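Undergrad: Residues per chain, in single letters:
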Amino acid sequence: MAPLGYVEILDAKGNVTERVRIDSFPVQVGRAYGNHVVVNDPYVCPVHLAIESDESGRLFARDLESVNGLRRGVDGDRVSVLELHSGAPFRIGRTLLRFCSVDHTLAPTLIDRQTQASWLASSYAAPIAGLIILLLLCLDSFLGSVERVTVAKVVSEPLMTLSMLLGWAGLWALASRIVVSRFHFAEHVAIACAAIFGFLVLSTLSEWLEFFFPVIPALWMAGFLGSGVILAGLVYGHLSRASAMRRRSRLWAALLVSGAAIGLSLIIDFANRSKFSNVMEYTGIVKPIDAAWLPSTSVNQFMENTEKLKKELDLLAQKARATQP
Amino acid sequence: MKRNVAIAVLLFWFSTGALPSRLWAQAIKATPEIFKQFSEHVVKIEVVESGSAAKASIGTGFFASARGDIVTNYHVVSKLIHSADRYRIEVTDPSGQSSPAKVLGVDVVYDLAVLRTDRHPKGFLTLETKPIEQGTRLYSLGHPRDLGLTIVEGTYNGLLRHTLYPKVLFTGSLNPGMSGGPTLTHAGTVIGVNVATEGEQISFLVPAERALALLEKTARVENRPGNGFLAEVGQQIQANQARYLSGMFSSKTPSISFGPYTLPTKPADFFRCWADAVRRKELPYVAVTHDCSTDDYIFVSSEQSSGIVRFYHQLLSTAELYPSQFFNLYSAQVQAGNTAVFGNEEEVTPFRCQTRNVQTQTGKVKAVLCARQYVKLPGLYDAVFRVATLGATNVGLVSTLNLSGVSFENIEALSRRYMESIKWRR
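Note that the protein sequences, when read in sequence, are chains A and B.
If you're matching positions, the first sequence starts at 5 in the working numbering and goes up one per residue.
If you're matching positions, the second sequence starts at 690 in the working numbering and goes up one per residue.
This is chain A alone, in the form it adopts within the complex (with noise of 0.2 angstroms):
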């Protein structure tokens, strides 16, 4: 015989821990082992709950004199009687139940995005984005250096960050294999490697874009902005292989996370801005670039400029004397 419906057992967010099919009615529900559908929940009567079926088809759950009575919704009125629908739900004590009918509609199927960013589970991914990330890492030591190098010393750096970047993946790895039951190990170290991609051609061009246009605070808003972006970035892709999270509710932590970061760090450089120092605040970055390039201001202009200097040096000096005895 066909079912009529299930009665459906949900947790706080929803989601159905349990499914109980129902071939007649009525149907009682309680804590008793007698019950058609057994709740474990002490605020819940042992007969609690019947679900009846009138003559046009129409169903009815009867609160049977319990304790803690019956609930329109999640957190409704009190009531003896309610007319079920299909999906809608009702408590008895601190369970939600729901029945639905088995001509109940549903969502649509949803797209496994998992298997459409398959790129990073592919095996050759992880090697490649490590390789590349090495190389990178090794050519910037290799730059940056002002000393005569050997390759152990362009090497290490690079190798350093790289063992970091493995403990890192292997972390989440561990978390995804807690959560989800799958290492996942490989496609953090790409999210990872990917990552560290993102700080590099950051910090690059944030350093040409600051050296080109010297007005423009570059490596700063960099420094918070961009970063923040890249943090974001990167938790919603641990989260994605970590997690069982929707897509939605992903994007909202790796947001939270990102903005707290750039948050406390804003509140941190807002704190040292607002105290005295000596330091002179200026960016020395200059890059070798033909003097065509580049564009420039005249010597009268730099000038004239230091109006706004001496302006704003003038206001700090006024509130100074205002603060001081």
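Hints may contain errors.
Stated by the list, open to error - Here are some chain B residues the structure puts well away from chain A; computed CB gaps all over 12 angstroms:
#1 Phe724
#2 Lys725
#3 Asp807
#4 Arg808
#5 Pro810
#6 Thr860
#7 Ser862
#8 Gly877
#9 Gly948
#10 Ala964
#11 Ala966
#12 Asn1017
#13 Ser1020
#14 Ala1029
#15 Glu1101
As the list claims (entries may be wrong) - Stretch by stretch, here's where chain B covers chain A in the computed footprint (C-beta under 8 angstroms, at least three residues):
#16 147 to 158
#17 269 to 283
#18 294 to 301
#19 312 to 326
Claimed, not checked - Under the rule of at most 35 angstroms between Cα atoms (straight-line distance), these lysine-lysine pairs were calculated in the DSBU-like manner:
#20 A/Lys279 - B/Lys768
#21 A/Lys314 - A/Lys279
#22 B/Lys1112 - B/Lys970
#23 B/Lys1053 - A/Lys291
#24 A/Lys314 - A/Lys291
#25 B/Lys819 - A/Lys315
#26 A/Lys291 - A/Lys323
#27 B/Lys970 - A/Lys291
#28 B/Lys744 - A/Lys314
#29 A/Lys291 - A/Lys279
#30 B/Lys744 - A/Lys323
#31 B/Lys811 - A/Lys314
#32 B/Lys725 - A/Lys315
#33 A/Lys312 - B/Lys1053
#34 B/Lys819 - B/Lys906
#35 A/Lys312 - B/Lys1112
#36 A/Lys315 - A/Lys291
#37 B/Lys768 - A/Lys323
#38 B/Lys811 - B/Lys955
#39 B/Lys791 - A/Lys323
#40 B/Lys906 - B/Lys791
What the hints contain is simulated information worked out from the structure, not anything from laboratory work.
Source: prediction; values computed, not measured.
Note that the Cβ used here is the ideal one computed from N, Cα and C, for glycine as well.
With chain A held as given, fit chain B onto it using these hints.
TA: Showing chain B alone in chain A's frame:
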């Protein structure tokens, strides 16, 4: 004949050897008398913190008029000038009697101050403006490190050459605490006021005529509010700038060749320039520096000086490094030294900087101007102007001009002339 020659030789020996030793003996004999005769005009000056009633600094001074005017150094009483409500001055004469004193006038440029007490002195020392001979024996009086009134012998060695502000070179041992004390001839006339020492018997005096000028200026002053001097200090520094800054780095300033660069050097006699190079086998680059600075400075407060002009050129070149590597080194050099040694929140604002790529007559440079303002002396600023040449791949020049305690107009004018005086061949 032989006997006559022998007598003549003996006389000559007596006249050359015995005579100076007799004078020497007189000089030694004179010192206790000089001390006895003139020490009663010398006083100890203490700047006392009003809250704790403990002394914050000590120095020496001397009575220079019948009215009871006391000459000392500005730096002895500078704490009071900067915070009149927190400090007071106490003057103690050799008999041990203390009395309060007030400031009548200051000359911050020459580091002098005139004070007055209510007590009338038994006498005073006269100031001598006539030149005396180099080598003349002098006697300096003061309270070195608060150890009691002391007399120090030394020699007059004339006015220093190549200094911005005339100073007497006194080869005798002055020590902290003797500042503001008199340096006298055996007749008791004051030649100069003790002001500074560079150790090993190298000491400096403010010439007596500067003290006389300040005494004349303050002769008619009866009473001055304690907090009025800060503005005057600012005005004196402002007025003094024209003396040494006008025309500096103009086209008349001498230049040196430094690789492909032509750079300014020794803009005036009162600058001293030094050069050095770092050429080591293990380094794949060469760094050459040329550093010029004024020796003189004006003491404003323990954390502030004015009137220092320093500029230095650093030439970096390499035959080995890749352009990208060389420019890391070059960037670090442009960034280096971006922290001022002195300065606190009470006296200066934080720095603010302006950075631009600038087209000069001969090419493009990265120019950075950082400045801060003096909080208590409005209109005076410290500035660091730095220029780094651009365009080459294996050579670069970082040139820096440091100015302290100057007006913003002078910062602008000097930075402009400095930037324009840096030229190079491409």
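Undergrad: Now tell me, hint by hint, if it's right for this structure.
TA: Hints, one by one, checked against the model:
No Cβ of chain A approaches the Cβ of B/Phe724 within 12 angstroms, the least distance being about 44 angstroms, so the stated non-interface status holds. With a minimum CB-CB distance of about 47 angstroms to chain A, B/Lys725 clears the 12 angstroms threshold, and the non-interface call stands. A cut-off of 12 angstroms between C-beta atoms confirms that B/Asp807 is not in contact with chain A; the least separation is 28 angstroms. Every CB of chain A lies more than 12 angstroms from the CB of B/Arg808, the least distance being 32 angstroms, so the non-interface label holds.
Every C-beta of chain A lies more than 12 angstroms from that of B/Pro810, the closest at about 36 angstroms, which supports listing it as non-interface. For B/Thr860, the condition that its CB be more than 12 angstroms from all CB atoms of chain A holds, with the nearest at approximately 37 angstroms. Chain A leaves B/Ser862 outside its interface by the beta-carbon criterion, the shortest separation being 34 angstroms against a cut-off of 12 angstroms. No Cβ of chain A approaches the Cβ of B/Gly877 within 12 angstroms, the least distance being about 45 angstroms, so the stated non-interface status holds.
Non-interface status of B/Gly948 relative to chain A is upheld: no Cβ of that chain comes within 12 angstroms, the nearest being about 17 angstroms off. With a least CB separation of 23 angstroms from chain A, B/Ala964 remains clear of the 12 angstroms interface cut-off, as annotated. Under the 12 angstroms C-beta cut-off, the non-interface status given to B/Ala966 relative to chain A holds; the minimum distance is some 17 angstroms. Distance check on B/Asn1017: its Cβ comes as close as 6 angstroms (rounded) to a Cβ of chain A, failing to clear the 12 angstroms threshold; non-interface status is violated.
With a least CB separation of 5 angstroms from chain A, B/Ser1020 falls inside the 12 angstroms interface cut-off, contrary to its annotation. For B/Ala1029, the shortest C-beta to C-beta distance to chain A comes to about 4 angstroms, within the 12 angstroms cut-off, and the non-interface label is violated. Under the 12 angstroms C-beta cut-off, the non-interface status given to B/Glu1101 relative to chain A is violated; the minimum distance is some 6 angstroms. With 6 residues having a beta carbon nearer than 8 angstroms to a beta carbon of chain B, the segment 147 to 158 of chain A meets the requirement of three or more and the stated coverage holds.
Using a Cβ-Cβ cut-off of 8 angstroms, 4 residues of the segment 269 to 283 of chain A lie near chain B, which meets the minimum of three, so the contact claim holds. Coverage of the segment 294 to 301 of chain A by chain B holds. Counting CB-CB distances below 8 angstroms, 6 residues qualify, and the rule asks for three or more. Counting residues of the segment 312 to 326 of chain A whose C-beta lies closer than 8 angstroms to any C-beta of chain B gives 10; at least three are required, and the coverage claim holds. This hinted pair checks out: A/Lys279 and B/Lys768 have alpha carbons roughly 25 angstroms apart, not beyond 35 angstroms.
Annotation: proposed proximity of A/Lys314 to A/Lys279 holds, straight-line Cα distance about 20 angstroms (limit 35 angstroms). Between B/Lys1112 and B/Lys970 the alpha-carbon distance is near 30 angstroms, which keeps this suggested pair within the 35 angstroms criterion. For a cut-off of 35 angstroms, the pair hint linking B/Lys1053 to A/Lys291 stands: about 13 angstroms separates their Cα positions. Taking the CA atoms of A/Lys314 and A/Lys291, the gap is near 29 angstroms; set against the 35 angstroms cutoff, the hint holds.
Proximity of B/Lys819 to A/Lys315 is assessed by CA-CA distance (about 49 angstroms); at most 35 angstroms being required, the pair is judged violated. The suggested pairing of A/Lys291 with A/Lys323 is violated, with an alpha-carbon distance near 38 angstroms, which exceeds 35 angstroms. Our distance criterion of 35 angstroms between C-alpha atoms is met by B/Lys970 and A/Lys291, whose separation comes to about 26 angstroms. Proposed proximity of B/Lys744 and A/Lys314 is contradicted: the alpha carbons are some 38 angstroms apart, above 35 angstroms.
Only pairs whose Cα atoms come within 35 angstroms are accepted, and A/Lys291 paired with A/Lys279 is accepted, the gap being roughly 32 angstroms. Distance check on the hinted pair: B/Lys744 and A/Lys323 sit about 31 angstroms apart at the alpha-carbon level, within 35 angstroms; holds. Between B/Lys811 and A/Lys314 the alpha-carbon distance is near 53 angstroms, which puts this suggested pair outside the 35 angstroms criterion. Pair hint B/Lys725 plus A/Lys315 does not hold up; C-alpha atoms about 59 angstroms apart against a cutoff of 35 angstroms.
For the hint linking A/Lys312 to B/Lys1053, the alpha-carbon distance of about 23 angstroms falls within 35 angstroms, and the restraint holds. Between B/Lys819 and B/Lys906, the direct Cα distance comes to roughly 20 angstroms. Compliance with the 35 angstroms bound is thereby established for this hinted pair. Restraint check: the Cα-Cα separation between A/Lys312 and B/Lys1112 comes to about 28 angstroms, which is no more than 35 angstroms; the hinted pair holds. About 31 angstroms separates the Cα atoms of A/Lys315 and A/Lys291, which keeps this hinted pair within 35 angstroms; it holds.
The straight-line distance between the Cα atoms of B/Lys768 and A/Lys323 is roughly 22 angstroms, inside the 35 angstroms bound, and the hint therefore holds. A distance of roughly 50 angstroms separates the Cα atoms of B/Lys811 and B/Lys955; the hinted pair therefore is violated under the 35 angstroms criterion. Using a Cα cut-off of 35 angstroms, the hinted pair B/Lys791 and A/Lys323 holds, with the two alpha carbons roughly 31 angstroms apart. Among the hinted pairs, B/Lys906 with B/Lys791 is consistent with the structure: their alpha-carbon atoms are about 16 angstroms apart, no more than 35 angstroms.
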